[in-house]
Amino acid sequence: MTTDSGRRGGAAAMGRPRVTSRAALERLAFALFARQGFDATTVDDIAAAAGIGRRTFFRYFASKNDLVWGDFEDHLQMLRRLLEEADPALPAMEAIRRAVVEFNRFDPDEVPWHRQRMRLILEVPTLHADATLRYASWREIITGFVARRTGLPAASTVPRLAGNVVLAAAVSAYEQWLSAEDGAALADLLDETLRQVTAGLGAVLDPAGAASGS
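In the working numbering, the protein residues as written are 31 to 244.
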């Protein structure tokens, strides 16, 4: 998979098959980003390498930035579902920890691509504004869950605090994962980071049950 994607630079010129799926176009673009840099790679570059026209590219993705994020909006639905299906008997922070860790589990074949995706999102300055908007949607899911569990308005301090702190913790775990040289698993880093957050926020969200999370 990675070998084919990494060698599609001259697809149109050499008569190779056209890219015909979102996933394949994404992989090809990631290979170009790795070789040329994100900012230096244009939509025209990606389309030419894929053997498709600009109009076809835009049928798959609204923009080059959108390509980097992949199916982010669909994935958010998974996070929302994991929280909705959480055992009501679990303390809120324990339910969040389990959901976020599960949400960030990937098949081994997908891990290298996800690592490259997150490196772009967290390290390319021109993607930071996009990240702010996308992560606001992620944070709102956590905030809404805490609001429902506590009976507080989503705009009140505690749900907002939980949303911001959990997002910051997840981003910190990702930064550690990208910089780690020991091959630490992303799920383990998220689990460790969120357990530390649970120790603090648990006392606010679940005064009677903060100590019961495992």
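Honestly, the hints are just simulated from the structure, not real lab data.
Possibly wrong hints are sitting among the right ones.
[To be verified] With a straight-line Cα cutoff of 25 Å, these simulated SDA-like cross-link-like pairs (lysine to any residue) come out: (1) K94 with D74; (2) K94 with L157; (3) K94 with F68; (4) K94 with L106.
Each hint, compared with the structure:
1. With a CA separation close to 10 Å, the supplied pair K94 and D74 stays within the 25 Å bound.
2. A C-alpha spacing of about 10 Å is found between K94 and L157, which places the hinted pair at or below 25 Å, so the restraint holds.
3. Using a Cα cut-off of 25 Å, the hinted pair K94 and F68 holds, with the two alpha carbons roughly 9 Å apart.
4. A distance of roughly 20 Å separates the Cα atoms of K94 and L106; the hinted pair therefore holds under the 25 Å criterion.
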